[in-house]
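J.: If you want the building blocks of each chain, they are given just below.
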Amino acid sequence: MKVMFVCAGGMSTALTAKKLVEVAEKNQVEMDVIARGTTDFMNELQDHSYDIVLVAPQIRHRFKEVQAEVAKHENVVCVKIPPNMYAPMEQSVKKLFEFIMDALKK
Amino acid sequence: MDKFFLFLEEKVSEPMARLAEQRHLRAVRDGIVATLPIIIVGSFILILAFPPLPPEWAISQWAKANIGTILLPYRMTMYIMSLYAAWGIGYSLSKSYKLDGVSGGNLSVMAFLMTLMPKIAIEGFGLAIPMGFLGGGGMFVAIITSIFAVEIMRLVLKSGFKITMPEQVPSSVARSFEALTPTAAVVIIMTLITIVFGFDWHGVVAAGLAPFVKTSDTWIGVMIPVSLITLFWSAGIHGVSVVGSVARPIWTILLDGNTAAHAAGEAMPYIAPEPFYQWFIWIGGAGATIGLVLLLAFAAKSKYAKSLGRTALAPGLFNINEPLIFGAPIVLNPILLIPFIIAPVVMGTIAYIATSLGMVGKVFILAPWTLPGPIGAYIATGGDWRAAVLNVILIGVSVVIYYPFFKMYDKQQLELETQE
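In order, the protein sequences belong to chains A and B.
Using our numbering, read the first sequence as starting at 1 and increasing by one per residue.
Using our numbering, read the second sequence as starting at 1 and increasing by one per residue.
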C-alpha cells in the first residue's frame, strides 16, 4: 500500500510517517509511506501511483487545493488527518493507522 | 472557551487562511520561497568575506585585501535576488492560471528589467544596468511587474488575439508562437510607461513602501506578526506559512538592507529581518516551545508527558515543533496556549532591546532554519558569540515562562494516568 503525507515543507510529517510504518508492520500491513511538501507533492503523484494522500492538519486550509490535484489521478483517496492523530507517538499513530484503513475501505 | 475557539477558527483563521491562499499572494510566496537557496548560499559568502576571526590573522588580512573579488558570487546571487524572484512569481502565477509557466516567467523578468532603462554607457562594455535595483530594494517592483506581465498575458490570450499553429507543429514551438502577442503587448506597455512617460518605478514604489518598512522594524512591527502567528497555531494552522506570505517581502527588504550595508562596510540599519525572528523568538519552533520540550523531556513525572518530551526533543532542537503542537496538544489547549502566546512576546522584547542597545550584533545572514538555536544565532549575526549567548539566555526565559503551565499540564496527565 502506498501512502503520501503532505504538509508545509514535508519535514514534520516525515516523523509521523516513520512511526506509521512501524505501526503498520506490527499489524502485518506493508505500507510504503512518503512525506512531501505542498510545492512538490504533485510531481511525486505523477511519477508513482498512490492509494491515499493524507493532508496534515496545519495546512488544512489548503486541503481543497491538494484535493483538486489528487482528483486528476484515478483511485487515489484524499483525506485530512484529524489533529489528534498527527503527533508521532504510538498512541496517536495507532489511531491514524485505523483511520487510514477505514478511509481505504470506503 | 469552546465558543472562543470556534470563533477563532471560523472568523479569524479561515478568512485569513483563505486570503493567504489567494492566487497572487500565493504566487508571490512561492516565487520568493524559490529564491531562498540563492539567498542562503549568497549570504554565506559574506561570512567568507568578513570571517569572524581576529583581524590580525592572516586569513582576515587576505579577506580584507581581496574583498571585492570574494563578494562577486554574492553580487550575482543574493544581491540581485528580485530578478530571480520575478521569474519565480511569473512562473507560479501563470501556472495557477494554467498558462505556460516558462513564458510567464520570461515575460515577468522582461517586464521587471524594463523598469530599469540603462542610462550609463561604459566604454568597452556597452550599457550598464544599475544592479542595486535588482536586489531586495526592487522586490516590490518585481512583484508588481510580474503580476502585471502575467495578467496582460492572460488577457491577451483570453481575447483570442494570438497566433495559433496547426496541430502538426510541436507543442513547444506552438507555445512560443502563442506567446508572441502577449510579449508584444508587455513590451509596448512597459516602454510607454518607463521610456515615453519616464515613470520612476523604483523611486515611487520605494517612497510608498518606506512607512511599511520603517514600521516593520519597530517593536510593535515585530509583535504584530509574532502574535498573529501564534494565534494561527493556536487553532492548529501553520502560522508562518499564512502570515509569512504577506510579511516576507518586507522582511526580505530589511535583510537585503543589512546585507548590502555590511558588504559595503557601512553600519547595518535594521533590527528585525526574518533571521531575528528565527533565532531570537521562534527557538524550538513557533511559540518558542524550546522551554516546554526541555521541561517535558527532563522534568515530567507523568508517563505521557515524558514520552512526548523524548519524542519531540530531537525535532525541537532543530526548530520543528509539530509533534509538540499536536501531541501535547497545544492546539486548543487553554493551559498551554497561554505561555505559547506570551513567551514569544517576552523573548522578542528582550531581543529587540538587546539588539537596539548594540549588546548583540544585527542579523544579516539567512541561515537554514533547522539549525540548533545558538549555532543559527551565531551564523545569522556573521559570527557574533554574544548572539549565541542571547539565544541560550532566551531558551532559559522560555523554560521559566512555560514552567508553571508545564506543571499544571503534567499534573493533569498524572491524574489521568492514576485514574486508569
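If you are wondering where the hints come from, they were derived from the structure by calculation, not from laboratory data.
Warning: the hint list may mix true and false statements.
[As the list claims (entries may be wrong)] Just a few of them, taken from the derived set where beta-carbon distance is under 8 Å, the chain A residues facing chain B: (1) Ser12; (2) Thr39; (3) Met42; (4) Arg62; (5) Ala68; (6) Glu69; (7) Ala87.
[What the hints assert, rightly or not] Beyond 12 Å from chain A on every Cβ pair, some chain B residues (computed): (8) Leu46; (9) Leu72; (10) Phe125; (11) Ala207; (12) Leu209; (13) Ile220; (14) Ser227; (15) Ile237; (16) Ala264; (17) Leu308; (18) Leu324; (19) Leu332; (20) Ile335; (21) Ile393; (22) Gln412.
[What the hints assert, rightly or not] Chain A regions said to be covered by chain B (calculated; three or more residues, Cβ under 8 Å): (23) 23 to 31; (24) 53 to 60.
Each residue gets a CB set at the ideal place from its N, CA and C atoms; glycine is no exception.
J.: Now look at each hint and say whether the structure bears it out.
T.: Status of each hint after checking the structure:
Checking Ser12 of chain A against chain B: minimum C-beta separation of about 4 Å stays under 8 Å; hint holds. Nearest Cβ of chain B to the Cβ of Thr39 of chain A: about 7 Å, under the 8 Å cut. The hint holds. The closest approach between the C-beta of Met42 of chain A and any C-beta of chain B is roughly 10 Å, which is over the 8 Å cut-off, so the hint fails. Because the smallest distance between the Cβ of Arg62 of chain A and any Cβ of chain B comes to about 6 Å, under 8 Å, the interface hint for this residue holds.
Below 8 Å, beta-carbon pairs count as interface contacts, and Ala68 of chain A has none with chain B, the closest being about 11 Å; its hint is therefore violated. A cut of 8 Å between beta carbons decides the hint on Glu69 of chain A: the least distance to chain B is about 12 Å, and the hint is violated. Against a cut-off of 8 Å between C-beta atoms, the interface hint on Ala87 of chain A holds, since the closest Cβ of chain B lies about 3 Å away. The claim that Leu46 of chain B is not at the interface with chain A holds, since no C-beta of that chain comes within 12 Å of its own (minimum 25 Å).
Listed as outside the interface, Leu72 of chain B is consistent with that label: its C-beta sits roughly 30 Å from the nearest C-beta of chain A, beyond the 12 Å cut-off. No beta-carbon of chain A comes within 12 Å of the beta-carbon of Phe125 of chain B; the shortest separation is about 39 Å. Once the 12 Å rule is applied to beta carbons, Ala207 of chain B is consistent with being away from chain A; the minimum gap is 34 Å. Every Cβ of chain A is farther than 12 Å from the Cβ of Leu209 of chain B; the closest lies at roughly 27 Å, confirming the non-interface assignment.
The Cβ of Ile220 of chain B lies farther than 12 Å from every Cβ of chain A, with a closest approach of about 27 Å, so its non-interface assignment holds. Every CB of chain A lies more than 12 Å from the CB of Ser227 of chain B, the least distance being 18 Å, so the non-interface label holds. The Cβ of Ile237 of chain B sits about 6 Å from the closest Cβ of chain A, inside the 12 Å cut-off, so the non-interface label is violated. Distance check for Ala264 of chain B against chain A: the nearest CB is about 34 Å away, which clears 12 Å, and the non-interface claim stands.
The claim that Leu308 of chain B lies off the interface is violated: its Cβ sits roughly 6 Å from the closest Cβ of chain A, which falls inside the 12 Å cut-off. In this structure Leu324 of chain B is not separated from chain A by more than 12 Å, as the shortest Cβ-Cβ distance comes to only about 8 Å. For Leu332 of chain B, the non-interface assignment is contradicted: its Cβ lies about 8 Å from the closest Cβ of chain A, within the 12 Å cut-off. For Ile335 of chain B, the shortest C-beta to C-beta distance to chain A comes to about 17 Å, beyond the 12 Å cut-off, and the non-interface label holds.
Every C-beta of chain A lies more than 12 Å from that of Ile393 of chain B, the closest at about 27 Å, which supports listing it as non-interface. In this structure Gln412 of chain B is separated from chain A by more than 12 Å, as the shortest Cβ-Cβ distance comes to about 16 Å. For the stretch 23 to 31 of chain A, the proposed coverage by chain B is not satisfied: 0 residues have a C-beta within less than 8 Å of a C-beta in that chain, short of the threshold of three. With 5 residues having a beta carbon nearer than 8 Å to a beta carbon of chain B, the stretch 53 to 60 of chain A meets the requirement of three or more and the stated coverage holds.
Of the numbered hints given earlier, the model fails hints 3, 5, 6, 15, 17, 18, 19 and 23; all others are met.
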